[in-house]
Amino acid sequence: MRFWNKSLLLAGLLLFGLSQLVAAETVMDLTKSLSVKSYSKKSVIIQKIAQTGDPQATVILQSLLDGSLFLTKDAGLPVLAAKLGKEYALSDPFTGVDLGQVRKRALKKIRINNKVRGILKASIARLNLSHPNPRHRIKAAKLLFKNLDKALLAPLQQLVEAENEGAVKEAFETTNAALILLHGDTIDARLKAVERLKAAGGPDVRALLSSMDRKLQAKASSDEQSEKLQLVVQSALKSVERQLENYGLIESLFQGISLSSVLLLAAIGLAITFGVMGVINMAHGEMVMIGAYTTYVIQEICRTSFPGFFDYSLILAIPMAFIVSGICGVIIERSVIRFLYGRPLETLLATWGISLLLQQLVRTIFGATNKEVGSPEWLSGAWEVTAGLSFTYNRIAIIFFALFVLAGLMLVLKKTLFGLQMRAVTQNRQMARSMGIKSARIDAMTFGLGSGVAGMAGVALSQVDNVSPNLGQAYIIDSFMVVVFGGVGNLWGTLVGASSLGIVNKFLEPYSGAVLAKIFVLVAIILFIQKRPRGLFALKGRSVEG
Amino acid sequence: MNKFKKMANRLSATALICAGALGFGMQAQAAEDTIKIGVLHSLSGTMAISESTLKDTVLMLVDDLNKKGGLLGKKVEAVVVDPASNWPLFAEKARELIEVEKVDVVFGCWTSVSRKSVLPVFEELNSMLFYPVQYEGEESSRNVFYTGAAPNQQAIPAVEYLMSEEGGSVERWILAGTDYVYPRTTNKILKAFLKSKGVKDEDIMINYTPFGHSDWQTIVSDIKKFGSAGKKTAVVSTINGDANVPFYKELGNQGVSSSDIPVIAFSVGEEELAGLDTKPLVGHLAAWNYFMSVESAENEAFIDKWQAFTKDEDRVTNDPMEATYIGFNMWVQAVKQAGTTDVDAVRQAMYGQEFKNLTGGTAVMNTNHHLSKPVLIGEIQDDGQLETVWSTDGLVKGDAWSDFIPESKVLTANWTYPYVCGGCQQPMF
Numbered sequence: 001m002r003f004w005n006k007s008l009l010l011a012g013l014l015l016f017g018l019s020q021l022v023a024a025e026t027v028m029d030l031t032k033s034l035s036v037k038s039y040s041k042k043s044v045i046i047q048k049i050a051q052t053g054d055p056q057a058t059v060i061l062q063s064l065l066d067g068s069l070f071l072t073k074d075a076g077l078p079v080l081a082a083k084l085g086k087e088y089a090l091s092d093p094f095t096g097v098d099l100g101q102v103r104k105r106a107l108k109k110i111r112i113n114n115k116v117r118g119i120l121k122a123s124i125a126r127l128n129l130s131h132p133n134p135r136h137r138i139k140a141a142k143l144l145f146k147n148l149d150k151a152l153l154a155p156l157q158q159l160v161e162a163e164n165e166g167a168v169k170e171a172f173e174t175t176n177a178a179l180i181l182l183h184g185d186t187i188d189a190r191l192k193a194v195e196r197l198k199a200a201g202g203p204d205v206r207a208l209l210s211s212m213d214r215k216l217q218a219k220a221s222s223d224e225q226s227e228k229l230q231l232v233v234q235s236a237l238k239s240v241e242r243q244l245e246n247y248g249l250i251e252s253l254f255q256g257i258s259l260s261s262v263l264l265l266a267a268i269g270l271a272i273t274f275g276v277m278g279v280i281n282m283a284h285g286e287m288v289m290i291g292a293y294t295t296y297v298i299q300e301i302c303r304t305s306f307p308g309f310f311d312y313s314l315i316l317a318i319p320m321a322f323i324v325s326g327i328c329g330v331i332i333e334r335s336v337i338r339f340l341y342g343r344p345l346e347t348l349l350a351t352w353g354i355s356l357l358l359q360q361l362v363r364t365i366f367g368a369t370n371k372e373v374g375s376p377e378w379l380s381g382a383w384e385v386t387a388g389l390s391f392t393y394n395r396i397a398i399i400f401f402a403l404f405v406l407a408g409l410m411l412v413l414k415k416t417l418f419g420l421q422m423r424a425v426t427q428n429r430q431m432a433r434s435m436g437i438k439s440a441r442i443d444a445m446t447f448g449l450g451s452g453v454a455g456m457a458g459v460a461l462s463q464v465d466n467v468s469p470n471l472g473q474a475y476i477i478d479s480f481m482v483v484v485f486g487g488v489g490n491l492w493g494t495l496v497g498a499s500s501l502g503i504v505n506k507f508l509e510p511y512s513g514a515v516l517a518k519i520f521v522l523v524a525i526i527l528f529i530q531k532r533p534r535g536l537f538a539l540k541g542r543s544v545e546g
Numbered sequence: 001m002n003k004f005k006k007m008a009n010r011l012s013a014t015a016l017i018c019a020g021a022l023g024f025g026m027q028a029q030a031a032e033d034t035i036k037i038g039v040l041h042s043l044s045g046t047m048a049i050s051e052s053t054l055k056d057t058v059l060m061l062v063d064d065l066n067k068k069g070g071l072l073g074k075k076v077e078a079v080v081v082d083p084a085s086n087w088p089l090f091a092e093k094a095r096e097l098i099e100v101e102k103v104d105v106v107f108g109c110w111t112s113v114s115r116k117s118v119l120p121v122f123e124e125l126n127s128m129l130f131y132p133v134q135y136e137g138e139e140s141s142r143n144v145f146y147t148g149a150a151p152n153q154q155a156i157p158a159v160e161y162l163m164s165e166e167g168g169s170v171e172r173w174i175l176a177g178t179d180y181v182y183p184r185t186t187n188k189i190l191k192a193f194l195k196s197k198g199v200k201d202e203d204i205m206i207n208y209t210p211f212g213h214s215d216w217q218t219i220v221s222d223i224k225k226f227g228s229a230g231k232k233t234a235v236v237s238t239i240n241g242d243a244n245v246p247f248y249k250e251l252g253n254q255g256v257s258s259s260d261i262p263v264i265a266f267s268v269g270e271e272e273l274a275g276l277d278t279k280p281l282v283g284h285l286a287a288w289n290y291f292m293s294v295e296s297a298e299n300e301a302f303i304d305k306w307q308a309f310t311k312d313e314d315r316v317t318n319d320p321m322e323a324t325y326i327g328f329n330m331w332v333q334a335v336k337q338a339g340t341t342d343v344d345a346v347r348q349a350m351y352g353q354e355f356k357n358l359t360g361g362t363a364v365m366n367t368n369h370h371l372s373k374p375v376l377i378g379e380i381q382d383d384g385q386l387e388t389v390w391s392t393d394g395l396v397k398g399d400a401w402s403d404f405i406p407e408s409k410v411l412t413a414n415w416t417y418p419y420v421c422g423g424c425q426q427p428m429f
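So the sequences go chain by chain: A and B.
Each step along the first sequence adds one to the number in this note's numbering, with nothing skipped, and position 479 is 479.
Each step along the second sequence adds one to the number in this note's numbering, with nothing skipped, and position 203 is 203.
Simulated from the structure, these hints should not be mistaken for laboratory data.
There's no promise every hint is true.
[As the list claims (entries may be wrong)] Once the Cα atoms are required to be at most 30 Å apart in a straight line, the calculated BS3-like pairs of lysine-lysine come out as:
hint: 1; chain 1: B; residue 1: LYS102; chain 2: B; residue 2: LYS36
hint: 2; chain 1: A; residue 1: LYS139; chain 2: B; residue 2: LYS224
hint: 3; chain 1: A; residue 1: LYS198; chain 2: A; residue 2: LYS228
hint: 4; chain 1: A; residue 1: LYS142; chain 2: B; residue 2: LYS224
hint: 5; chain 1: B; residue 1: LYS232; chain 2: A; residue 2: LYS198
hint: 6; chain 1: A; residue 1: LYS192; chain 2: B; residue 2: LYS232
hint: 7; chain 1: A; residue 1: LYS169; chain 2: B; residue 2: LYS224
Between the sequences and the hints, there should be enough to build the whole structure, so can you do that?
Pasting the structure below:
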């Protein structure tokens, strides 16, 4: 008896081990066979891998999707490869054992195309439907909404019933409703599914409903039931579309505010150098560019020397950009601009020359090609409020940053001794000098401040635009427009000018296109300036008249 | 002592004269023993980002040729000028190269507007230009060889691929481009092509943006909206230069992935992707005649040579570089065949000239001054490279006049007897 027990146990263990082995081998073999060229054959193999139910299948499929799965050229063995300098570090996908380093040419990447990628994503999502992490389950359900396979109907039904987590259940139910609408048998269940989808809303639901609507219309023989279904689908589609339209308005408003914040950031430094000091500063854009390049340099240093610090490199770049651009500003003021006060034409030409000089300098040092400034994890992606309404993180961050810079600048101008002296010098130079203010020093500091603020704007712009030597040129016209429109010498005017230009532009864009929207805004400003040459908020006082 | 000094003086004077004469002679000989070629690419201004690479490519090819003993027993000298992304200056610099520097051939231009600017100069002075960039077609000059892709070698195959089952059976199209001649002409051709394939007007959206556009929020939202109508949607992008980077960033941030709405681009290559974090872009497409990732002995040798020449191990190669490479080598072969650098003789020798592509197969120069080349479609990878996912079986002959524009369909470009024209309905002779 005991003998039997033991041998049974042994046999069981053996069997278990064998089955493990067999499973591992099949996944291994299947992975090896991924070396075929044809993408349709690859798709079949991927589905086979997913169906093995092996826990390693997920690892293989995920690494295939990430593009880290390679085959060695000599033995055709599957390996995971990560780039390490000029070479690739290899590891075994099944055991995780380190396999040393090789050159790229010893490896062959398993290529996939978009279609295969879609199948991979769906396969992984199906495996992930029972993932322990609820967030992965939600993501899987949402992904499967776009790949509605009839075979999924029964298993998902079971999962919906077994699910306890509220948010996950909701996502499961939406996907399930879509499946029922497409592949369900009874009309009642399908009608209920439409109701469920209508409640969920969003662009994916819109896509599904409108293709369903088209399918029902194309159907030649229509009975009473399908007619009823069509009516319900159409009304649901209308309601979803209406909701999306409302979201669209909110989105436009957000985009307008976001464009305003970019304009405000670009213009705010100019509001000091041109608005307060009266220097027609054509090199303003280059101060922004220098700020962006400072960000790039700081990020490169972080990337190579302190990789763990990379996500915070942008925050470190803000004060650095201020300092670098500020110093450049002081140098420009001391070496050129101070000789040209009161001669606007010469200032214009001289600063324009400086701007060309700085562009070519940067081009010589960093090269003509664009530099990549990465976005940290916390600035990538979007905040999804509901399905169909989302705000990108980097834009949100820039809005807050612009307000922060504006508030900081206001504080400096209104609450510090330097601000007081600055205002005194710009309003009445003679009087200020006779009060013992060193006007030359204040001039240099003011120009430095304006340039430094422009540099800080460069940090933000590096997140939404190219870091290239031409970065500044793209913003110089917009900046002047904002400052002139808002009223020279008034920070509030700059804020109002930037926000009205940004919002008007974004509301015009869907109707007129980006090119015409820009032209309309420019024409409107020209007309406005004819009426009010001093802009929205004109400064009053002796200095202005004088 | 005095005498000695005098003699020394006289001696040194003679030596000086001798040396001078020798030097002069050498110089004269040098002038006779070099073949001058012009390089007309912007080294400053907006286009420097793309064009300076091509200048280096020509310099590398010249360097290589000289190491192998030059051409017709002479050394080849490259004369580099900088038209500074300024279109009228292109014409001035072209005239300077031809009239003052007396170059035998010019490699240059990138944007169509710069090519249009230099065209009258080359025709007036009967010189030769090699133009290495994909363009909108609708042109064939006696004095220009177009080694980049014509629309039927890039745009049409790309759209056909997306329509196919393998490409995702796309039914709804967004044609997005920068607002100037190349995108407008290409989109005109594409729209006519799509309609001939039964695509309805409501399934085509056309959108233009200014040069250097950076705020793509609205357009990407519109793309998402247009793409949620229940039909598979794709974007065909003729967005040029810098504007691509913020466009792709916005796509990534708004979560438009390549499996939902793929974007196929005609102006985005390895060089443009170098300034970009490509992780969110994996799977978006580009159509070209060359990718750096193609595995062939010629390509590997070319990449090694390029990286050694630029002393940068990470430097990428791209399609216009291959076009420059093919154009340069074909010119060299044609000069050898003609035995002279005379423009008319070389032009005749150019027809039917063959040279190996870097991606395999052989490019052929046709009598319409366009190449026959393979067309490749690639997907963006996370390392900034483009991997081929589809390619034509054989070579596609560059078509100067599009078959999808009624006015152009009837025109023929053929610079050999009996046609001898760049765009005519009947043979001239």
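Comparing the hints with the structure gives:
1. LYS102/B - LYS36/B: holds, 7 Å
2. LYS139/A - LYS224/B: holds, 19 Å
3. LYS198/A - LYS228/A: holds, 16 Å
4. LYS142/A - LYS224/B: holds, 17 Å
5. LYS232/B - LYS198/A: holds, 22 Å
6. LYS192/A - LYS232/B: Measuring from Cα to Cα gives roughly 27 Å; hence the hint holds.
7. LYS169/A - LYS224/B: holds, 27 Å
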